[in-house]
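> Okay, here's what each chain looks like letter by letter:
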Amino acid sequence: MNHVYLYIFIMAAVTYLIRVLPLTFVRREFKNRYVRSFLYYVPYVTLAVMVFPSILDATASPWSAFVGFITAILLAYRGSSLFNVSLLACLSVFIVELLLY
Amino acid sequence: MNANFKAWRDGVRDGIPIALGYMAVSFTFGIIAKQTGFHPFEAVLMSATNFTSAGQFAGLTLIAGSAAFFEIALTQLIINSRYFLMSFALSQKIDPSTPFIHRAIMAFGISDEVFGVSMAVPGKLNPFYTYGAISVALPGWALGTLLGIISGNILPPRLNSALSVALYGMLIAVIVPPAKGSKILSGIIVLSMILSLLFAELPLLSSISSGVKIIVLTFIIAGMAAVLFPVKEEEAVS
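Respectively, the protein sequence lines represent chains S and G.
Here the working numbering = 1-based position in the first sequence + 54.
Here the working numbering = 1-based position in the second sequence + 6.
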């Protein structure tokens, strides 16, 4: 594999540019209500799209993943901390897989 | 106590589960990097400088296949374009007077999860919170890569499988609590997941890469929501 460092540099540069341009160029608060509303909804949509259905492929079985998914939603809804939601979702997957296999 | 130090410490606290989840993912990345013929230093360097999962996995395949430089740049642009929108959202979450240097450092750490916890902070975001999260998440990402590439499969499969939902759990913990008691946000989250499922399963749509899917659905759903349910001033800030 030739030029591996150049490849890594190009990947890092492109990725950093995507991340840095809006944050450094947009130095004021948008007054436009539509733009503000759009950006308010962005995290919810983007993260929800990323979570489902790809979570179902993350573990050894879609069933254990589904139980982990529901566990996380219930705990988050009841106000558990980030750490607890994450850890107990893992634990629920572990238990379901013990029962399955 | 110094406000910046307190923000940093909160960031570290929320960064710990991110780091654990990252180790599970980057461990797999390290194993694949090894199979693809990468030297441990190269794989860890890629993780430390790119700090992104899907882009790096694609990068391994492209580099191994000696892809054109233009091709690898374009692939990263498509896969990682969602960070552009995240960066925009963060530009409104921080104080407008935040100096350039803080913006430039924060930007490096915009991963899906670091972005998620940063947006979940009540009120304006102190850059030191994000630094705190990055200061544990990034070493976790790099360390997992190193362990994966030098050791191969040391994690028991059961443990690896269980840890694989850690990051999803984090993201759920970010989006669900604000949706409690808000029919609009709950509806938007459910709709996002249903459309995401359709994009993954329907014949023509499933050929679209996940990077494109994320950004297309975000524009459509958040765009529609902004027209139908414009938020009040005080809501849009937090």
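Hints may be right or wrong, so weigh each one.
Unchecked claim - Restricting the straight-line Cα-Cα distance to at most 25 Å, the calculated cross-link-like pairs of lysine-lysine (DSS-like) are:
(1) G:186 to G:238
(2) G:12 to S:85
(3) G:40 to G:130
(4) G:130 to S:85
(5) G:12 to G:130
(6) G:189 to G:238
What the hints contain is simulated information worked out from the structure, not anything from laboratory work.
> Determine which of the earlier numbered hints do not hold for this structure and return their numbers in increasing order.
Result: hints 2 and 3 break, sorted rising.
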